[in-house]
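A.B. asks: Chains as they are written, first to last, in our numbering: chain A, 1 to 772; chain B, 1 to 190.
Read the hints as simulated data drawn from the structure, not as lab findings. If you're wondering where the values come from, they're calculated on a predicted model, not measured in any experiment.
The calculated lysine-lysine pairs, modelled on DSSO-like cross-linking and capped at a C-alpha distance of 30 Å, are:
no., chain 1, residue 1, chain 2, residue 2
1, A, K505, B, K42
2, B, K120, A, K362
3, B, K106, A, K371
4, A, K505, B, K86
5, A, K505, A, K460
6, B, K131, A, K434
7, B, K102, A, K345
8, A, K636, A, K705
9, A, K705, B, K116
10, A, K345, B, K116
11, A, K173, B, K86
12, B, K134, A, K426
13, A, K510, B, K86
14, B, K131, A, K371
15, A, K25, A, K510
16, B, K120, A, K371
17, A, K163, A, K20
18, B, K86, A, K25
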Amino acid sequence: MGANPAENHPISFRWLTKAKENGGKIVSVDPRYTRTSAVSDIYAALRSGTDIAFMGGMIKYSIDNNLFHKDYVVNYTNASFIVADGFDFKDGFFSGYDEATRTYDKTKWAIATNEDGTPKKDPSLQNPRTVFQLMKNHYSRYDVDTVSGVTGTPKKDLLNVYKAFCETGKVGKAGTILYAMGTTQHTVGSQNVRAFAIIQMLLGNIGLPGGGINAMRGESNVQGSTDFGLLWDNLTGYLGVPKATVPEHATLAGYLAKETPPTGFWSNKPKFVVSLLKAWYGDHATNKNEFGYHFLPKGNKNYSHINLFKAMYNNELEGAFLWGTNPVVGGPNAGKEKEALGNLKWLVAVDLWETETAAFWKKEAGSDPSKINTEVFLLPASASFEKEGSISNSSRWMQYRWKAIDSRGEARPDLDIIHELALKLKKLYANSPKPADQPFLSLEWNYGTGEAPDLDLIAKEINGYDLKTGKLLPGFGALLDDGTTSSGNWIYSGFYPEEGKNLSKRRDNKDTGNANFLNWSFAWPMNRRILYNRASADPSGKPWSQEKAVIWWDAAAKSWVGNDVPDFKAILSPTEPGGTGAFMMNKDGVGLLFAPTMNDGPFPEHYEPFESPVPNAFSSVELNPAVVINDGDFNKKGYKVDFPIVATTYRVEAHWQSGSMTRNQEWLSEIARYMFVEISEELAKEKGIKNKDKVIVTSARGEIKAYAMVTKRYKPFTVRGKKVHQLGMPWNFGYKGYAKGDIANRLTPHIGDANTMIPEYKAFLCDIRRAD
Amino acid sequence: MVELNLNRRQFLKLSGAAAATLAVVELGFNEKKAYAKSKDFKIAKATVTPTICCFCGVGCGILVHTKNNTVVYTEGDPDNPINEGKLCSKGTTLRQLYTSEKRITKPLYRASGSNKWEEKEWEWMLDTIAKRAKDTRDHSFVVEEDGLIVNKTEKIASLGGAALDNEETYLVSKLMRGLGVTYLEHQARI
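Looking at chain A on its own, in the form it has when it is part of the complex (with noise of 0.2 Å):
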């Protein structure tokens, strides 16, 4: 659902094909009927933006039909716990609601407490006020006649879905929801993973082979690089960044106070903390200066992609650095960003090519050179086999890559660029006794004394040190908060425990028992493969299934032992307290059915994209209320009388991403070589386009050109009894390299998801007619 994996990651597709061989089921969900789709076994369509209407009513499926796995439910999920008063939910609003900000008080959705502070629970899930009800309540309003309505899924094909997929809530049976940019790209995008979550936890579908909700990650170290705080609110392993809007943050102190849960592995979160700050400040990082934390920098706002581009745009910002990437193509309402980047002073760009970010000065930007006073920096880097490192997949399997051969030209590792970087600007501020300088001149740079810095002691600085002994650490079982202990990213701590040992690199492709191949590579957190697997065991220990087993209670060894390993302390027996807390990261040792922590409800609610062309049939709240919305000449916004048609974006198989990386290759642009528009059989009659006519595609951004495409892929929807066309296009394309096309981050706008600020590429309104 929202994923397109036979093209966007056809290797992954390879094992669900294989799964159909073994008596599986594909269901592929999606408004276009793709390559997936056309190998599943059951297709619906959708019509973009409306995954939580869809989802929504399987809640409600699962539930009035008994099909939720229940044992699971009582003991591994919040089902049981008492909702405190303060919650209530009336036509799309969610008690706590203030509209002049656009947010919500979260401490409305409190869970009732007993005086130890512990939840109030009703195990038998009759109490009104208990998550399972409020829940039950909630999606009674998703029934299938509504649902279908809204999604323009005819109700037989919800039926379809809901009825195969409500199927592996059966103990002994296993189901996965594998999703990708079709969910995440929308204002209810979070929401819409939480509603994957919700099913999954009702089916008892999470910590399980086959199980889970798996992100489609479409670059090949997304993984790693969120992993290591490549995002304005983290630090490394998902540490939050201090901010000077949080009064606690004033110091070490206070943050670890605010930012640490009771109960729960985050609990453990001062040690990973002073560690990280003890790796990056090293003796500059002492118990008297809270351990650095002042050097860290303190921001007062959202710096998200939208809002940085926005900064940029009104001339705030005046140098930039960017790490093989291509907002120019990529980014939302791409021609704003375009015209954004003529307002910095400085431009570095790294990358292997140059690409539409890189030129956007140029004349075939259509920009106009003189008068842009950017001053831009091209560094040639080296492509991914002309370096060593490593790189974390989907699965979290951190994998080495070794070095094939120098690199082309003059290019250079992304590595050695940072670090000469580093030691020039360490130079030109040494010795400096400003206060300003001291943070960075804190900064430990130490990668041994070549041109190229020493890889393995980056490596060992990301696994950490015992600092009384200079040992490498075991895994982040042995941090500490005193400052004895360093790690550059608790979560990997353990990838590399002794000298010479660097786990990443390990080619053992033994199968060490129900496909897991625990000696091939490392996955974080301590090479576990499966998250959660304490909830393939039942509270007793026992597998639910011996089909679905991976790790269970061995009462003589008084360990969890199975084919994994555990996601959970080892020798923690069921019987002690919290010896059946599966959800071990959360607060309760339990999954969130209800998630007072989400900035827009603690249930998923349906609400209609930031363009769409009906009304919102849940509520008379038409747009996610906590969304920020930025107007004016930034972020133009259409309406259905101008564009009546709803519009999203894709990828080919040929071409990844931006398409710098395969648009600038010959065998690549061969096969996809031209921009093309998908339109249906009906619409492109209504409007008297013919298959191959060139047409110009129009949002209220901005238009492109491009060859259209008819075909039957695309059916119009009816939504509460009205036609809608729905389009695609995918966003490969740009002005440079060998295959050329208009950028369809032209049409897209910049409007981001109410938690994360993702921007909504996949569901906005434009209209189409012929060129000519």
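Once you've looked at the hints, dock chain B against the given chain A.
C.D. replies: Using the frame of chain A, we list chain B on its own:
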């Protein structure tokens, strides 16, 4: 350098190379057969290095064959349990990332208002970039804001990194936070 097991695939390759040498002698001037066998020559005596595909997040293994300082061939790594030697079209053409004429091979500089790139030395580029970064940081750096230590610059952005190695992303993260950068984002957001 990694030591590969002499697995089934490599064994075939090595024996294939030996067979090709014999074939020339045995077959005399049968051009057709010699041509068919000459295909073996391309990867004969090539160095084989395992890598992981640089495209999507599945993590397929690829073997890179190099000889005479170029990439002569790439193929799926049969030992990698993720792809068992299979690849999609993007993984299959990995070699062209090396051979493509579109690769930039020298640092390029575009001056303010200019309509062209100029080739520059690495040293000059990195020195100049460091100066620009320092200049921007110095005049925008905020040590204290409303009585709170904030040590930040909001005038420098860092974007991208989803295709970098873990060790590289770690250094980007460390360097940028070390400089006080708050606008730190990458592809996971978009």
